[in-house]
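If you read the protein sequences in the order shown, they are chains X and C. Using the numbering used here, read the first sequence as starting at 1 and increasing by one per residue. Using the numbering used here, read the second sequence as starting at 127 and increasing by one per residue.
One or more hints might be untrue.
[To be verified] Listed below are several chain X residues computed to face chain C (Cβ distance under 10 Å; list not exhaustive):
no.	residue
1	8
2	9
3	10
4	11
5	14
6	17
7	30
8	31
9	35
10	40
11	41
12	44
13	45
14	46
15	78
16	105
For the record, the hints were derived by calculation from the structure and aren't laboratory data. Owing to the predicted nature of the structure, the values given are computational and were not obtained by experimental measurement. By construction, the Cβ of each residue, glycine as well, lies at the ideal position given by its N, Cα and C atoms.
Here is what each chain is made of, one letter per residue.
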Amino acid sequence: MYAISITDDTGTVTLPLLNVPLVQQVLEGAVDITTLDMNIYTDFTNQKRMWSHKWAYMSESDFTVLKGYFDRQFSLMRYPLITITDLGVTDIAVRMTLNPQNIIDHCGTVENVQVTFRETNQLEGS
Amino acid sequence: MQPTSALFKEIADGPVRKLAWQVRASFTKKFDDDIEFFTLDDSLLDGSDVLAPTSSSVIQLWDKYEYEDITDRVISVEMETEQTEPYSIVRAMADVTVNNFDGYFTPKTSPNIASNNITSAFNSYTNTLSWSHSCSGKNRYLVVGVVILGDSPPPHDLVSVTYDGLDMTYIGDETNAGVRVFLYGLVAPPKGSNTIVVTHDGTLTTSWCLGIAQSFVNVSQSQPTGDTATADDTDNAMSVSLDVPDNNSLAVSFGGKYNTDDLLVGNAGQTNTIEDTVASGWGLVGAMSYKPASDDTTMGYTYSDSNDGCMVGVVLNRYTEAGDFALPRRPFRVLMGFGSEVVPLFVGLSTRTPEINKNSRTAKFHCIDFLTYMFEQKIDNTLLLQDYSTGEILEYLFDHIGLLPSQYEIDPTSFNRISYFYAEKGRTLGEIIRPLMEAEQGALWLNEVGVIRFQNRQSYPTIPVHEFDEANTIDYDVSDESDVINYVEIISKVLGVQPSQNLYQIAGPRSIPAGQSLDIWIDFADPVTGADSPSDELVPIEASYFIQTQDEAGTVPSTDISLDSVSIFSKSMLVQFTNSGSSTRYVYDLVIWGTPVRVTDEIRVEDQDAASIEAFEQRAYRLETNYIQDREDAVSKAAILIRDYKDYGDSVTLDVKGRPDLQIRDIITLNVDGYVGDYVITKIYNGMGNNRYIQRVRATEKDITEYFILDESLLDGSDLLAP
Numbered sequence: 001m002y003a004i005s006i007t008d009d010t011g012t013v014t015l016p017l018l019n020v021p022l023v024q025q026v027l028e029g030a031v032d033i034t035t036l037d038m039n040i041y042t043d044f045t046n047q048k049r050m051w052s053h054k055w056a057y058m059s060e061s062d063f064t065v066l067k068g069y070f071d072r073q074f075s076l077m078r079y080p081l082i083t084i085t086d087l088g089v090t091d092i093a094v095r096m097t098l099n100p101q102n103i104i105d106h107c108g109t110v111e112n113v114q115v116t117f118r119e120t121n122q123l124e125g126s
Numbered sequence: 127m128q129p130t131s132a133l134f135k136e137i138a139d140g141p142v143r144k145l146a147w148q149v150r151a152s153f154t155k156k157f158d159d160d161i162e163f164f165t166l167d168d169s170l171l172d173g174s175d176v177l178a179p180t181s182s183s184v185i186q187l188w189d190k191y192e193y194e195d196i197t198d199r200v201i202s203v204e205m206e207t208e209q210t211e212p213y214s215i216v217r218a219m220a221d222v223t224v225n226n227f228d229g230y231f232t233p234k235t236s237p238n239i240a241s242n243n244i245t246s247a248f249n250s251y252t253n254t255l256s257w258s259h260s261c262s263g264k265n266r267y268l269v270v271g272v273v274i275l276g277d278s279p280p281p282h283d284l285v286s287v288t289y290d291g292l293d294m295t296y297i298g299d300e301t302n303a304g305v306r307v308f309l310y311g312l313v314a315p316p317k318g319s320n321t322i323v324v325t326h327d328g329t330l331t332t333s334w335c336l337g338i339a340q341s342f343v344n345v346s347q348s349q350p351t352g353d354t355a356t357a358d359d360t361d362n363a364m365s366v367s368l369d370v371p372d373n374n375s376l377a378v379s380f381g382g383k384y385n386t387d388d389l390l391v392g393n394a395g396q397t398n399t400i401e402d403t404v405a406s407g408w409g410l411v412g413a414m415s416y417k418p419a420s421d422d423t424t425m426g427y428t429y430s431d432s433n434d435g436c437m438v439g440v441v442l443n444r445y446t447e448a449g450d451f452a453l454p455r456r457p458f459r460v461l462m463g464f465g466s467e468v469v470p471l472f473v474g475l476s477t478r479t480p481e482i483n484k485n486s487r488t489a490k491f492h493c494i495d496f497l498t499y500m501f502e503q504k505i506d507n508t509l510l511l512q513d514y515s516t517g518e519i520l521e522y523l524f525d526h527i528g529l530l531p532s533q534y535e536i537d538p539t540s541f542n543r544i545s546y547f548y549a550e551k552g553r554t555l556g557e558i559i560r561p562l563m564e565a566e567q568g569a570l571w572l573n574e575v576g577v578i579r580f581q582n583r584q585s586y587p588t589i590p591v592h593e594f595d596e597a598n599t600i601d602y603d604v605s606d607e608s609d610v611i612n613y614v615e616i617i618s619k620v621l622g623v624q625p626s627q628n629l630y631q632i633a634g635p636r637s638i639p640a641g642q643s644l645d646i647w648i649d650f651a652d653p654v655t656g657a658d659s660p661s662d663e664l665v666p667i668e669a670s671y672f673i674q675t676q677d678e679a680g681t682v683p684s685t686d687i688s689l690d691s692v693s694i695f696s697k698s699m700l701v702q703f704t705n706s707g708s709s710t711r712y713v714y715d716l717v718i719w720g721t722p723v724r725v726t727d728e729i730r731v732e733d734q735d736a737a738s739i740e741a742f743e744q745r746a747y748r749l750e751t752n753y754i755q756d757r758e759d760a761v762s763k764a765a766i767l768i769r770d771y772k773d774y775g776d777s778v779t780l781d782v783k784g785r786p787d788l789q790i791r792d793i794i795t796l797n798v799d800g801y802v803g804d805y806v807i808t809k810i811y812n813g814m815g816n817n818r819y820i821q822r823v824r825a826t827e828k829d830i831t832e833y834f835i836l837d838e839s840l841l842d843g844s845d846l847l848a849p
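Okay, chain X solo, but in the shape it has when bound (with noise of 0.2 Å):
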């Protein structure tokens, strides 16, 4: 069973149940370049991760946490951790994206919630 877990200064929790697809990502740091001769060659730098995941619906409280991770990067100005086991990933410090809060019904169930990570550094400030 594919989880992920999410962690930041405040603590760890585990993301709801995960939906399928589950998406992971290879993002490739490269460019092709044409030589006069019309063949190419390839530049590169790294290769880092992605992974995205869409939740059809999520409770108020659940897309509550899971906003919370998503704005304390700005607060904390840190990157979130995250764990998914199953893919070999621990600990990855990731930006994290999250798609508009879209509120179908009064009890505040928000449908549609798409999350991206996105590999990166965890730069060291002072």
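Using the hints provided, position chain C relative to the given structure of chain X.
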């Protein structure tokens, strides 16, 4: 071309290349103690100037700095190295753009110290007290106050106070009967929630322990605490006076007492956190307090009973470091390559504070190489050198500004020998060296590892080091015809020493009071190679002299004035007299003869290429100098300029599959469309960013000439006599 490994070349020429780069900066400009440092008597170790603007100070070695690797923050690096024509001086600059999402490179305004969290805990009958406390923010400092009660003196001692396993630093303690308070601190406590553990030696049946933790931000990380003081109660009150050097500091105190019948009350102006452990009518009270400090700041508490109060106070120093990275003139090094192998490309200084772009969260450092920086420095003495070659003058100048011989490599065979080289005080090194190099037509540059090199005009490499063809060229432009030179005019005003002549005569009598001295500074119109010391004896007509008299009218001779000393500088002279008599005496007349250096000859040479003028109209280049000494040399230099610049298409700018190991003055073979042959690299742009390495080289067509060298070249062989 810089030497590189076989693996480097294999990756560089291969189809898929993993790019690598490193950027190192010395924001603190601290020196690496492992590197031996050269110092003159008055050089300032760890000073702020890399290159002091006077000859009395030494240039601080750029290799000496401790460099911090900031590669992880680099977004892009752009460097350009160019051989500027016609001076043949290579200058380099670099722009380094770094991630500044957290404001790391933004100049700081040194905000005041502020508290951002306070927690406490209490227990009894055990040796340890632990609780959780969270730290956050920048320039953090954690203070922990502990009050311990033992039921009989002496009170218990603390074994340790730790935060996240790190030992905290003891600040102070005070005892009053069975009560003892302690204050501990920790600079830069780890961020996040961690555990404070207090361990003491109290017996299990008697000890009570209360702790309060308070974390602060904007505290100096290098010297977080200042004055400390302790006190115990006198008449139900206690206070400490703290000496505060900076009005933006913060005074912090921790007080404790026995019994909870009444609490501690903090003095006016303090922000207090009072904790007590009321249990069956007795226990402990602890109070953590702070207030903004100014001059002598008093912290204290009052209470209504008299149960063993005591306290510790400390000053927290505000973070005032101005963000070293935000200061100008920070040394930078840039390296580029492939895989795990990089080669040095740039060593220089940031020119100013970084450009902070708030929207893109970036900071951009603009850097120049050390040679360019040195060119901005002024010399503090007028120089007059006689019969020096270009190389010897460069050595003299580099030595004059404090460079070590290990910092430069001078080609010993420069062609220009200058009868009289003269440079005025206050001129910049660039203003002095550019015309020197223009006349020499050699090359001067700072190489990638920071060594200044000079080579004469015949010392170009002759063997191509790399070939660019359609397989490794992405695009090219042909430079426009503005690069064409088809008409050259050289005017040299040669300096020479003149026969001895009258250089100075005093404007009127100068008095010297009895027993006093007189300094007369003389400024000459031209530099001099020598001037006679004035005599008051009978002298030949064409010699320096002075006349001393007892009266201003010059009617009564005197013998009381003696000439103490004469000092001759390149363009000035100091004459010092003393009057040993008992009355005022006069230097009635003073005449100085000497040998000035003036323009003695003017060489004027013109050359042109008719075919080029026919094709492109006249493209003139005028060289006016003091440093070409004879007509043959001027003719030769004009011919070289015409030969090298008369044709359109002599220079081609190529976007290529980059090789960071290429250098200015490398010979490359070009085979792209109609551009075939050997070219010399006169400009290189290296840029790395957006996962791409861009290299753009300007290649100038070059007739590879092997010049005849005595004892090496074959007589009647292919080597040419140098022009």
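To see whether the hints hold, each was checked on the structure:
1. 8: At about 9 Å, which falls below the 10 Å cut-off, the nearest Cβ of chain C leaves the hint on residue 8 of chain X intact, so it holds.
2. 9: holds (4 Å)
3. 10: holds (8 Å)
4. 11: With a minimum Cβ separation of about 8 Å from chain C (threshold 10 Å), the hint on residue 11 of chain X holds.
5. 14: violated (19 Å)
6. 17: This hint is violated: residue 17 of chain X lies away from chain C, its Cβ roughly 28 Å from the closest one there, beyond 10 Å.
7. 30: Since chain C brings a Cβ to about 6 Å from residue 30 of chain X, closer than 10 Å, the hint holds.
8. 31: holds (4 Å)
9. 35: holds (6 Å)
10. 40: For residue 40 of chain X, the interface hint holds, since the closest Cβ of chain C sits about 8 Å away, which is under 10 Å.
11. 41: This hint holds: residue 41 of chain X lies near chain C, its Cβ roughly 5 Å from the closest one there, short of 10 Å.
12. 44: Hint holds; residue 44 of chain X Cβ to chain C Cβ min 6 Å, cut 10 Å.
13. 45: holds (5 Å)
14. 46: holds (8 Å)
15. 78: This hint holds: residue 78 of chain X lies near chain C, its Cβ roughly 8 Å from the closest one there, short of 10 Å.
16. 105: violated (36 Å)
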